[in-house]
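Participant: Protein chains in written order, with full-length UniProt numbering: chain A, 1 to 470; chain B, 1 to 470; chain C, 1 to 470.
Hints were generated in silico from the structure; no laboratory data involved. Careful: at least some of the hints might be erroneous.
[Claimed, not checked] Coverage of chain B stretches by chain A, computed from C-beta distances (three or more under 8 angstroms per stretch; other residues unrestricted):
1) 58-64
2) 68-78
3) 91-101
4) 128-139
5) 220-234
[Said to hold, decoys possible] Here are the simulated lysine-lysine pairs, DSS-like style, with alpha carbons at most 27 angstroms apart:
6) A:341 to A:216
7) C:50 to B:50
8) A:281 to B:9
9) A:125 to C:377
10) C:50 to B:51
11) B:125 to B:50
12) B:125 to A:377
13) B:377 to C:125
14) B:216 to B:338
15) C:51 to B:50
16) B:9 to B:341
17) A:377 to B:51
18) C:50 to A:51
19) B:51 to A:50
20) A:281 to A:216
21) C:51 to B:377
22) B:51 to A:51
23) C:51 to A:50
24) C:50 to B:377
25) C:281 to A:425
26) B:9 to B:425
27) A:51 to B:50
28) A:377 to B:50
29) B:216 to B:425
30) A:9 to C:281
31) C:51 to A:51
32) C:425 to B:281
33) A:281 to B:425
34) B:50 to A:50
35) A:51 to C:377
36) A:50 to C:50
37) B:341 to B:216
38) B:9 to B:216
39) C:51 to B:51
40) B:281 to C:9
Cβ atoms here follow ideal geometry from the backbone N, Cα and C, with glycine treated the same way.
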Amino acid sequence: MSYQLSPHKNTNVRVSLPAVCFVWQIAMIVLFGVFIRYDEESDAHWVVYKKDHNVTDIENDFYFRYPSFQDVHVMIFVGFGFLMTFLKRYSFGGVGFNFLIAAFGLQWALLMQGWFHSLDHTTGKIYIGVESLINADFCCAGSLIAYGALLGKVSPVQLMVVTLFGVTLFAVEEYIILDLLHCRDAGGSMVIHAFGGYYGLAISWVLYRPNLNQSKRLNGSVYHSDMFAMIGTLFLWMFWPSFNSAITDHGDGQHRAAINTYIALASSVLTTVAISSMSQKGGKLDMVHIQNATLAGGVAMGTAAEFMITPYGSLIVGFCCGIISTFGYLFITPFLEKYLKLQDTCGVHNLHAVPGMLGGFIGAIVAAAADESVYSKEGLINVFDFEGDFANRSPGTQGGFQAAGTCVSIAFGLVGGAIVGFILKFPIWGDPADDNCFDDEVYWEVPEDEETIPPVLEYNNHMIHKHQEM
Amino acid sequence: MSYQLSPHKNTNVRVSLPAVCFVWQIAMIVLFGVFIRYDEESDAHWVVYKKDHNVTDIENDFYFRYPSFQDVHVMIFVGFGFLMTFLKRYSFGGVGFNFLIAAFGLQWALLMQGWFHSLDHTTGKIYIGVESLINADFCCAGSLIAYGALLGKVSPVQLMVVTLFGVTLFAVEEYIILDLLHCRDAGGSMVIHAFGGYYGLAISWVLYRPNLNQSKRLNGSVYHSDMFAMIGTLFLWMFWPSFNSAITDHGDGQHRAAINTYIALASSVLTTVAISSMSQKGGKLDMVHIQNATLAGGVAMGTAAEFMITPYGSLIVGFCCGIISTFGYLFITPFLEKYLKLQDTCGVHNLHAVPGMLGGFIGAIVAAAADESVYSKEGLINVFDFEGDFANRSPGTQGGFQAAGTCVSIAFGLVGGAIVGFILKFPIWGDPADDNCFDDEVYWEVPEDEETIPPVLEYNNHMIHKHQEM
Amino acid sequence: MSYQLSPHKNTNVRVSLPAVCFVWQIAMIVLFGVFIRYDEESDAHWVVYKKDHNVTDIENDFYFRYPSFQDVHVMIFVGFGFLMTFLKRYSFGGVGFNFLIAAFGLQWALLMQGWFHSLDHTTGKIYIGVESLINADFCCAGSLIAYGALLGKVSPVQLMVVTLFGVTLFAVEEYIILDLLHCRDAGGSMVIHAFGGYYGLAISWVLYRPNLNQSKRLNGSVYHSDMFAMIGTLFLWMFWPSFNSAITDHGDGQHRAAINTYIALASSVLTTVAISSMSQKGGKLDMVHIQNATLAGGVAMGTAAEFMITPYGSLIVGFCCGIISTFGYLFITPFLEKYLKLQDTCGVHNLHAVPGMLGGFIGAIVAAAADESVYSKEGLINVFDFEGDFANRSPGTQGGFQAAGTCVSIAFGLVGGAIVGFILKFPIWGDPADDNCFDDEVYWEVPEDEETIPPVLEYNNHMIHKHQEM
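Same shape as in the complex, but just chain A (with noise of 0.2 angstroms):
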């Protein structure tokens, strides 16, 4: 079965997807090679540095980090890519596609972030450990949350192209909120899910298809879709107290990060359930929030967690963001899409933009709050890092930055996105018609349907008995 739908939409992406992955690839291998080399800790001569510097392998970066490496490993892969299957007939791109667009991004990010935060100007190289993994992986995160805003109705090509802006508008933004305001923003409420969020809006408000609705028949779910779904939803709910502890401060940061973040999010699912209930008829729960709304204590808690934001804060936030995320799903998306001509596949705008703005600003109040008495003396210089050219910043002062340190992502998320649907507006990339988006049949080889599998075998069996018989 092979049909094309709308002749003037040529999908063929047989030269440049392989030409994409070839060129780029090879442009990675080149520039590793230029730039990437173990730190002192994943390197053979940690032997000599134990020595050195007295310490035993157990103190090994890895050993901190590792655990939480994998859970965000997994959020990125399996929780990302199977949120994203919920659609009937576009699961393969959905966990599919978030693979490509990963794999592609990590190696991106190391050289981006590379370059601007950990390079070495007297060699000239970059050293990378398993905090670059991680960080790698949150750079991802801002194109995999793009992806979800464009889902659908995007090519692999196109997804390539939002991913090589993305990660490295991601590098700029987070040396210019990180490096120079010094703002702390350890699970990305900023600079990731602010900035992921309003790329992606503006991509796709930029790709505006009036006549869209020709797809409306396959922008749904069934019922094994959104249970397909489900799974990567409950990978990113358990193992979002990783992502915001992941990169934290060895000790009290990671442990007060995971509490944090294990407390709102359990606060969000029962506001997104009772929010979900009460806006359908006979109370009954929508998939879709649940899918997606309890995620937002999560997102919110991205700057924050490793504040002393105090248990009860963070079931406050967890609280609140669960009715606004639910709200959004239930009016913004459809308001969105109605007056502002901007189509959201997963509602990206209620699971990371807002919330993530959000997180930004509650975290500039927990920011400016804090004081000695919470924190000790040593304890206020160690979470926001108040050293160096930054030793007499004030709480307040560093509520102030954190507070334009989420302006600045949003600034980038959409100006950055912007610029980058207009890229993608060019007839070359082998997007498909709006009477073939959310399915599979476009870019991939799709098995043939289970239903047909009976008759066959009644078929066979027949045969079978013919064959016998003679």
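For chain A, the structure is supplied; the task is to place chains B and C on it using the hints.
Facilitator: For chains B and C alone, coordinates are given in the frame of chain A:
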């Protein structure tokens, strides 16, 4: 499609479910505000504490327990959640309500367990760290097990009630067993599995539905729902060593508990397969057995895993419990339903109640048999915590108390479950009618069936071709 | 519905499967009782050992390796298990028999590897700890890879035989390669993948079925079975860094192996997508390639990951193996089936045999090229374990031995597989007939088809309305 099969039952939870979620979540916020604080390892004062106590970051309990915590977390949400998706049309309810009640239960558990186990009487506060999170997850497990017996027959509001009381009862029986009787039960054969199993069975017995066979058409699996359930089974099976070792002593305690559980579970798989194959015509295996009885070895090792039960002892436990659990699914569940009026959807009797009870008694025997030649003098004190008031307790006495603890957990489950069952009989909870059980349509917006895609597709193609012809 | 398509094959395993399970499990109990004990880190004497050796709890090997162990455990049971669920009607067998043989194999592996590698000749005991569990899981992987070649064509009893011999052969070849030849192979390119791949191919070659196309209707995927297989793919892909680093040296060894594998795998994804797209009309991607060839980089890094292969070296390995593996699926598997009479259901030739062999030779080259300027003197000794009898071995010599080790693993696979294949040809094992392969109906109680729900529902509704009318 909206059909209300049984007009005499009102399953509308549009008021009650949001009300319960909001009221309880707000109560949590207030109580957390009054009681819950970070412990010294997750507080920003850690930087001071480290210096005062001459410890380093890696000795923060976070690094001893966080990987196990995340494994336990996966078991609670994906393990239990997906194990309960096996019904053909109750997968949303299986994984979704599991999500809801665990997210509520863990908050309530932090409070209840805090009051009973770690309330600081000088400050009136509960100080939480990663071990508190593990214990909170464990505490939820009791109520999730109970949900297994009730699956498909209760409303989400009823489940919230089951969890409220379940967590409360859990905290009390745990206090009696672990603190007053000074039992050891790191993996919770007694306090989690025996209690949770009998709690669920008692509730289900009170809520007996004589006409449940009106929903018979939905009380079974389909091919793909069995596959989803295998996700739950495998994550439970793989991470059970983490479950039983998550809160045991640092060092040999965690190490040994993981090894023993790993070995016992492997053994359960082979005997489950053997009995399942023997019981069916042609030696065919039954997915119900593979999904459940393979886990019995983990349940039964919940108490003894941290003891010196020896590797072959662990194999024997797994061997026997695989057999007993599979026999339970074959003979005891039908017997209970027919003669004791006890409807146990997931067969928690065979997977949790009986193996948990056996695990309690196995622990008692292994404890009673402990001696210094095997444990060393310090080892014996260390493993059984023979210190303070219990410094003179002998292993034999300990064994007696372990057995008594098992009885306490069963009594709490049965009596508590009976009382909660009667509470749930009030006609205000929105539970489904007998002909409406095991059906997601009652509490969920269920997407249209997949089978309708191809005709729609053809229809669209047809219309497009027509359009092109015009 | 019961149909026995081919009366001349008896697939009844009601006696043989339980018999094998019971006899072997009882043998395990006896042998564990005689041989297996806790090692000093998991024994209750640890409290004494700590004092005597002046170590602390965190230096227990458990904390170095347990997170990696759990990742490997997930790869064995969910990774391999779900990867083999891609067939439309063999998902139960894919994940279920994987479960069975891994659960048996790991027990037998603890014994076999114990006898060969860690038997204490003074006490005659094998002392196990977390590293033993990882090795046991690794050892199972060889047999699970072999199962990939046999998927759908053998009975569970045959699989138990495959595993019994597979684990035995594995322990012997591993002893020769790692102990006698003193090769390094932490991630098992040679001992796991090359061995397992060729072992399975040799068995499959002996068991060639000329009339297998009688089961052609079932030898393919459906939409949802491809999604289940992606769960397996992604968990394998994500956790492969843990696989290759699980038993490497503490500190830099584990750290570097994880980084190298992470990088190589990312590269494989892009070249797999490129070749897959190039090979199909319209540039459409093939799920078979995405599910399998993306993993080739991890297989090929199994030996070299712990060496100083450099990050760009890892990228190159992943780049080439993604291409080679995808070409294998496109051209070599059909060639093997047509001209060499070799039926390889999962294409283990392309994912394990060839990348494993290449990984062995890549390891040999990287080892031969090692020098002190890159590793440091101590680093070189540390990484290649040039101590004791091997203190004077040069990197060049080491390279030669690594290459020889690769040949040993292939020889063991081919010869061992051929012998096991002939054993499996005896007509006593209950294997399916040619027209009955790839069908869960043969060994499983399969639930009724989903398609039959809606009519039943309508029927019920109809009856209810009738009833109400009366």
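Participant: Each hint needs a verdict: does it hold in this structure or not?
Facilitator: Do the hints match the structure? See the list:
no.	hint	in the structure
1	58-64	holds (count 5)
2	68-78	holds (count 5)
3	91-101	holds (count 6)
4	128-139	holds (count 4)
5	220-234	holds (count 3)
6	A:341 to A:216	holds, 16 angstroms
7	C:50 to B:50	holds, 22 angstroms
8	A:281 to B:9	holds, 16 angstroms
9	A:125 to C:377	holds, 23 angstroms
10	C:50 to B:51	holds, 23 angstroms
11	B:125 to B:50	holds, 22 angstroms
12	B:125 to A:377	holds, 23 angstroms
13	B:377 to C:125	holds, 23 angstroms
14	B:216 to B:338	holds, 15 angstroms
15	C:51 to B:50	holds, 22 angstroms
16	B:9 to B:341	holds, 22 angstroms
17	A:377 to B:51	holds, 14 angstroms
18	C:50 to A:51	holds, 22 angstroms
19	B:51 to A:50	holds, 22 angstroms
20	A:281 to A:216	holds, 23 angstroms
21	C:51 to B:377	holds, 14 angstroms
22	B:51 to A:51	holds, 23 angstroms
23	C:51 to A:50	holds, 23 angstroms
24	C:50 to B:377	holds, 14 angstroms
25	C:281 to A:425	holds, 25 angstroms
26	B:9 to B:425	holds, 13 angstroms
27	A:51 to B:50	holds, 23 angstroms
28	A:377 to B:50	holds, 14 angstroms
29	B:216 to B:425	holds, 22 angstroms
30	A:9 to C:281	holds, 16 angstroms
31	C:51 to A:51	holds, 23 angstroms
32	C:425 to B:281	holds, 25 angstroms
33	A:281 to B:425	holds, 25 angstroms
34	B:50 to A:50	holds, 22 angstroms
35	A:51 to C:377	holds, 14 angstroms
36	A:50 to C:50	holds, 22 angstroms
37	B:341 to B:216	holds, 16 angstroms
38	B:9 to B:216	holds, 18 angstroms
39	C:51 to B:51	holds, 23 angstroms
40	B:281 to C:9	holds, 16 angstroms
The structure agrees with every numbered hint stated previously.
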